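So the sequence lines, in the order shown, correspond to chains S and F.
Just add 27 to the spot in the first sequence (first one is 1) and you have the numbering used here.
Just add 27 to the spot in the second sequence (first one is 1) and you have the numbering used here.
In case anyone wonders, no lab produced these hints; they're calculated from the structure.
Among these hints, one or two may not hold up.
For identical chains, the list gives no copy identity; a pair is met inside one copy or between any two copies.
To be verified - Dumping the calculated BS3-like pairs for lysine-lysine here, alpha-carbon to alpha-carbon at most 27 Å: (1) LYS295 <-> LYS325; (2) LYS164 <-> LYS191; (3) LYS373 <-> LYS288; (4) LYS191 <-> LYS30; (5) LYS67 <-> LYS164; (6) LYS164 <-> LYS30.
Predicted model only: the values in this text are computed from it and were never measured.
There are 2 protein chains.
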Amino acid sequence: MAKKADPYTPGEQPRERKYIKLNTNENPYGPSPRAIAAIKEVADDSLRLYPDPTCEALTQTLAEYHGRKPEEVFVGNGSDEVLALAFMTFFNPGDPVAFPDITYSFYPVYANLFNIDYHLVPLEEDFSLSLDRFPEKNGGVIIPNPNAPTGKTVTLDFIETLLKRNPDKAVIIDEAYIDFGGTTAVNLVDTYPNLLVIYTLSKSRSLAGLRVGYAIGQAPLIEGLNRVKNSFNSYTLDRLAIAGAIEAIRDEAYFQETREKIITTREKTAAALRALQFTVHDSVANFIFISSPDMPAKQLFEGLRAEGVLVRYFNKPRIDNYLRVSIGTDDEMEAFVSAIRRIFTKEGLL
Amino acid sequence: MAKKADPYTPGEQPRERKYIKLNTNENPYGPSPRAIAAIKEVADDSLRLYPDPTCEALTQTLAEYHGRKPEEVFVGNGSDEVLALAFMTFFNPGDPVAFPDITYSFYPVYANLFNIDYHLVPLEEDFSLSLDRFPEKNGGVIIPNPNAPTGKTVTLDFIETLLKRNPDKAVIIDEAYIDFGGTTAVNLVDTYPNLLVIYTLSKSRSLAGLRVGYAIGQAPLIEGLNRVKNSFNSYTLDRLAIAGAIEAIRDEAYFQETREKIITTREKTAAALRALQFTVHDSVANFIFISSPDMPAKQLFEGLRAEGVLVRYFNKPRIDNYLRVSIGTDDEMEAFVSAIRRIFTKEGLL
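Could you put together the complete structure from these sequences and hints?
Set out below in structure tokens:
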């Protein structure tokens, strides 16, 4: 009776024991204490009332933060929902949308769900993205910047070229990880009516458990998203999420402090792994993409799991000898590197 | 660039002044204090982590409550999202789904969004639903029980007839308002593999602001819903919503106390309005559907608004001389009836 669909597989959420959890790109630091206080403040009898379906207060806060107008901001239940609604709103069957062959694995899932054809743009050998590989005409483009799971970034010139080549199609830049060292494309919104930039509060704002994402683009794109969203679910954000998200965005000092700690820890971890002969791609995300010449990724993945460290292994062509490792605290990353040393020692590799 | 869609219009959420708000079927009593305490307890650093994408603890709680197995329960971001995903999962273009012509106005919105044809089943003059009016074969059926905005109920025999007539198609019973006096169809789930019953925590559990709904059906239907949901958004419920929903379901005493108060107030209000010559349809919901022979509904709607009372007016054929009035506290409903008396007096009707 039910339609076929080929769902996305999220990273595992362990329950049976305490792991060092470096497998789902969560932030090792808690969210802003101001966000937690704001949530507690609205957890009262007012929960009997529907939330504001337009999320006006949050939209206003995000618009101010990015120097945009409120009608240029769309909010949703995590960036995954924003992405799903964007696929529904802007992409069409029979007009293939382009995205990298190695990228966020939810994109082909959305495309299949909505029967949207797609063209996979192959990454180069070094996992960089090349403009030459994109078809001249597309039914739309979506790329994460930085890309996942590689952590590699593209320039704003690169993005502008895609925008110019596809003037009548939506070009979506998924900036889930932008705050860990990338350059946002949001300032191109004034120039390009076809640009949509998508953000999440799950990573740099440490609110994966609250489900808030948003998109910025010119008003007609945002209006289109709202029309589809309001045909699907009027109230996608609950009262607690709206209140927490507003304070998380406002707490700039906490945001800067935690993201800088993560960047510092990332570079320290990359150096330690390179000293162990790992290939570590330059990352501007809160994760690194690594490969050892001495041990297959799958074996290392399993070894780390046995040592109490969860990382992400993708059993997919081209990347099945890599691990994606989220950046935790300094202590967690030192424990991770120590675990590798123990595994390597046991195998006589050190 | 964006697709056309004809969105649902939710009842207004006033900001400018304090109204007696009887327009969106919210519960006048707050949620269970245990639910609020549970939310506050999980509002901490753990928000940095993703929620459980399977919502196992909540699914388990709901299964126990209804005497079902966990694999027979699907949870979502409000029953609106559950309904949207059910339309995606079970209904198909070219195979018209049947629902009443006067019903929850989101159904045709979903159908249009997913290009699903539909057949409108006309209600009788007294707003009752008649089996004779349903086509013999349907691409699926969806009816709310009790119906909205009329508050009228159908029997389980009625539902069983629809289930038997459409053995290969999903028959969805939307029980958003069932706890205010209706008889749930959930016990038919064992007999009918094509039955899906949908519930919300927004009404009888007073958690409209938290966004939790769910569906119960045999495991293959639930599996189908999960496949589509996991192709759309892995994490539709945040950590706070999961924790609050579990405690709201567990607090049976509070639930019974508040729903009984609402039923008592509804009957009292209906009697007061009948004394003012209103037509008041028998309702088993937390709202009543009323019409005055003395004043057009639109005029009364505007008069009530000026008096600080919001009710719902639908500018639609057949029901444009009716108002849907949510049941508030005794005090609120007395204020509502007093406001009508003042309006009638001003117009020389009393």
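Check each numbered hint from earlier against the structure, then list the numbers of those it violates in ascending order.
3 and 5
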